[in-house]
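Student: Here is how the chains run, residue by residue.
There are 2 protein chains.
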Amino acid sequence: MADPIKVVQYGLGPIGIAAAKLVLEKKNLQLVGGIDIDPSKVGQDIGDVLRIQRKLGTLISDDAEGVLSQTRPDVVLHSTVSFLNRVEDQLQICCRAKASVVSSCEELFYPFRRDAVFSQRIDELAKKHGVTVMATGVNPGFSMDVLPLAMTSVCTRVEKVFATRIVDAAKRRLPLQKKIGAGLPPEEFRQLVSMGKLGHIGLVESLHAVADRLGLEFDEIKETIDPKVADAAVHTPYLKVKTGHVAGILHVAIGLNRGEEIVKLELQMYVGAERSVDSVRIVGEPPIELILAGGIFGDTATIARMVNAIPIVHGSQPGLFTAMDLPVPFCIK
Amino acid sequence: MADPIKVVQYGLGPIGIAAAKLVLEKKNLQLVGGIDIDPSKVGQDIGDVLRIQRKLGTLISDDAEGVLSQTRPDVVLHSTVSFLNRVEDQLQICCRAKASVVSSCEELFYPFRRDAVFSQRIDELAKKHGVTVMATGVNPGFSMDVLPLAMTSVCTRVEKVFATRIVDAAKRRLPLQKKIGAGLPPEEFRQLVSMGKLGHIGLVESLHAVADRLGLEFDEIKETIDPKVADAAVHTPYLKVKTGHVAGILHVAIGLNRGEEIVKLELQMYVGAERSVDSVRIVGEPPIELILAGGIFGDTATIARMVNAIPIVHGSQPGLFTAMDLPVPFCIK
Numbered sequence: 035m036a037d038p039i040k041v042v043q044y045g046l047g048p049i050g051i052a053a054a055k056l057v058l059e060k061k062n063l064q065l066v067g068g069i070d071i072d073p074s075k076v077g078q079d080i081g082d083v084l085r086i087q088r089k090l091g092t093l094i095s096d097d098a099e100g101v102l103s104q105t106r107p108d109v110v111l112h113s114t115v116s117f118l119n120r121v122e123d124q125l126q127i128c129c130r131a132k133a134s135v136v137s138s139c140e141e142l143f144y145p146f147r148r149d150a151v152f153s154q155r156i157d158e159l160a161k162k163h164g165v166t167v168m169a170t171g172v173n174p175g176f177s178m179d180v181l182p183l184a185m186t187s188v189c190t191r192v193e194k195v196f197a198t199r200i201v202d203a204a205k206r207r208l209p210l211q212k213k214i215g216a217g218l219p220p221e222e223f224r225q226l227v228s229m230g231k232l233g234h235i236g237l238v239e240s241l242h243a244v245a246d247r248l249g250l251e252f253d254e255i256k257e258t259i260d261p262k263v264a265d266a267a268v269h270t271p272y273l274k275v276k277t278g279h280v281a282g283i284l285h286v287a288i289g290l291n292r293g294e295e296i297v298k299l300e301l302q303m304y305v306g307a308e309r310s311v312d313s314v315r316i317v318g319e320p321p322i323e324l325i326l327a328g329g330i331f332g333d334t335a336t337i338a339r340m341v342n343a344i345p346i347v348h349g350s351q352p353g354l355f356t357a358m359d360l361p362v363p364f365c366i367k
Numbered sequence: 035m036a037d038p039i040k041v042v043q044y045g046l047g048p049i050g051i052a053a054a055k056l057v058l059e060k061k062n063l064q065l066v067g068g069i070d071i072d073p074s075k076v077g078q079d080i081g082d083v084l085r086i087q088r089k090l091g092t093l094i095s096d097d098a099e100g101v102l103s104q105t106r107p108d109v110v111l112h113s114t115v116s117f118l119n120r121v122e123d124q125l126q127i128c129c130r131a132k133a134s135v136v137s138s139c140e141e142l143f144y145p146f147r148r149d150a151v152f153s154q155r156i157d158e159l160a161k162k163h164g165v166t167v168m169a170t171g172v173n174p175g176f177s178m179d180v181l182p183l184a185m186t187s188v189c190t191r192v193e194k195v196f197a198t199r200i201v202d203a204a205k206r207r208l209p210l211q212k213k214i215g216a217g218l219p220p221e222e223f224r225q226l227v228s229m230g231k232l233g234h235i236g237l238v239e240s241l242h243a244v245a246d247r248l249g250l251e252f253d254e255i256k257e258t259i260d261p262k263v264a265d266a267a268v269h270t271p272y273l274k275v276k277t278g279h280v281a282g283i284l285h286v287a288i289g290l291n292r293g294e295e296i297v298k299l300e301l302q303m304y305v306g307a308e309r310s311v312d313s314v315r316i317v318g319e320p321p322i323e324l325i326l327a328g329g330i331f332g333d334t335a336t337i338a339r340m341v342n343a344i345p346i347v348h349g350s351q352p353g354l355f356t357a358m359d360l361p362v363p364f365c366i367k
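Heads up: the protein sequence lines correspond to chains E and X, in order.
Sequential numbering from 35 applies to the first sequence in the numbering used here.
Sequential numbering from 35 applies to the second sequence in the numbering used here.
Hints are computed from structural coordinates only; laboratory data are not their basis.
Among the hints, erroneous ones may be present.
Claimed, not checked - Calculated cross-link-like contacts (lysine-lysine; reagent style DSSO-like; alpha-carbon spacing at most 30 Å): (1) X:Lys60 x E:Lys367; (2) E:Lys61 x E:Lys40; (3) X:Lys60 x X:Lys75; (4) X:Lys205 x E:Lys194; (5) E:Lys194 x X:Lys60; (6) X:Lys194 x X:Lys256.
As the structure is a prediction and not an experimental result, all values here were calculated from the model.
Could you build all of it, start to finish, from the sequences and the hints given here?
Tutor: Written out as structure tokens, the structure is:
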């Protein structure tokens, strides 16, 4: 049997903790270290922070370079923040330590349009150190980009792509319910949107990823973020939404050409959604109509995509890649 | 702009003709030659055999080595026969001519279980000549293997995989309607099955591909081929099926472990099916229920998968690969 792939978890928030626990369950992966800046976690045994009823004999540290030089991981599972300008230092540290990176950073899923220069810097650094950097998750990273694109592989011609993701947020964790503005009065929601503090990160990344691959050109991009207002009170285990207050978010990104919507990604995340569902519709030859009844449960899917990608990234050529450039992962044992 | 990828079409039956026509529609592909052994096609201009109302200035030849050495293609689109033991010479000729291969040969989709020695020989030859060999199509090659496996990438755990493909064969071409036994009396159907002359080729390949990737182990494999008997007469543009005669085929492959069905692939292809549909159900965490309403139209999808895979195979490392080892293609312009 092959040596296990050594993994360091960088960022031990809710996603990082769940990802690290999943690494422990996988046969050919070995969790060798953890990095976090939270003072309440630094110095703790990773096992204690994961609440797995056993020590792992490795302490969480805020010294990323120290952890990486000591543990020499093959791959870093990176889940700290969502924005390019806040992850560059972290990615550089990983590359210099000759560790490949699987990140959940939403903007890193398809960074080329937002910051071509950043992308080139990371690509060059990764190549210099012989490592691979990629970001994935479920959205961005699968349901509204990788999956629709994969479905176009059976098409001889594609004119339009539509993807809708409806998520019953009542089943998701509290940070997500807050992220979608659940419980707020509509005016407060709109204020937060105007301050850039509400909205799904990565939707425009998915839009560009789909269009660029398919050679579909936009002359206009529209992005709207609206509140989904509750017409009846909704209670979740975490919070209450009064009638007339915000149940969640309606976030839509549309790429147009001469006034026609050619790619449309529509995300509806709110507490009280009747049923979660993901769907993809492709206008082309042949037309495609895909429905994922019950949707893809986001919290689980994000960490699954990350952990399942570890062997793929470990075996890849060096450089900065997207999830579309590499073989699609499958569920590893 | 990059130089176009030079393509030779090897095999100009219905699939090969459709694939070659699609190559002509694609911006970055260039059709440079055609190979077929049919005396009625040898010596004809490819354009005439494709019935595109124009000459291409290149004649179809039965001399594969001659065509390849003269035209020096980057990639050969190979669609001749379905069986490993009949394609080895053809694949060797392509490898020696330093041309990569995208094949529709069903058994080549996942050849390792059926013939490990063949697979090793082709892999070594491909590596020696710096080319890539892979086979794809829609089934095998997508709907019952690549797609279910890609869906498991969002799962932390997979226990069982079920895929069903229901095809209304009335909309497909005549060779396919004959291949599924449409119009035969049931006893003749059963006789042909017992002689190995009826049944979908590649279903067991898909079964193994799914199980091997996911580390699911079978202690028993069941394969059944039964006639779908028409309860009412059906007429297609090509043939008539009397009541009580065969409308098509029910082909099922099941992998069991201790009597439990852990992977089940069920293909129903018959004239008069109410609606075509593809579906995938994954028992795992999270569970997945995927439905492709209207199904994936097979004839179009097969050539789309092949032609869309050309840039992927052209850019790949050398060797014999499966469609799961390489990035999923997308619809190229």
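Student: Look at each hint and say if it fits the structure.
Tutor: Evaluated hints:
1. X:Lys60 x E:Lys367: violated, 40 Å
2. E:Lys61 x E:Lys40: holds, 12 Å
3. X:Lys60 x X:Lys75: Given pair X:Lys60, X:Lys75 holds - Cα atoms ~24 Å apart, limit 30 Å.
4. X:Lys205 x E:Lys194: Holds - the C-alpha atoms of E:Lys194 and X:Lys205 are around 24 Å apart, at most 30 Å.
5. E:Lys194 x X:Lys60: Between E:Lys194 and X:Lys60 the Cα gap is close to 18 Å, so the pair holds against 30 Å.
6. X:Lys194 x X:Lys256: holds, 16 Å
Checked against the numbered hints given earlier, this structure breaks only hint 1.
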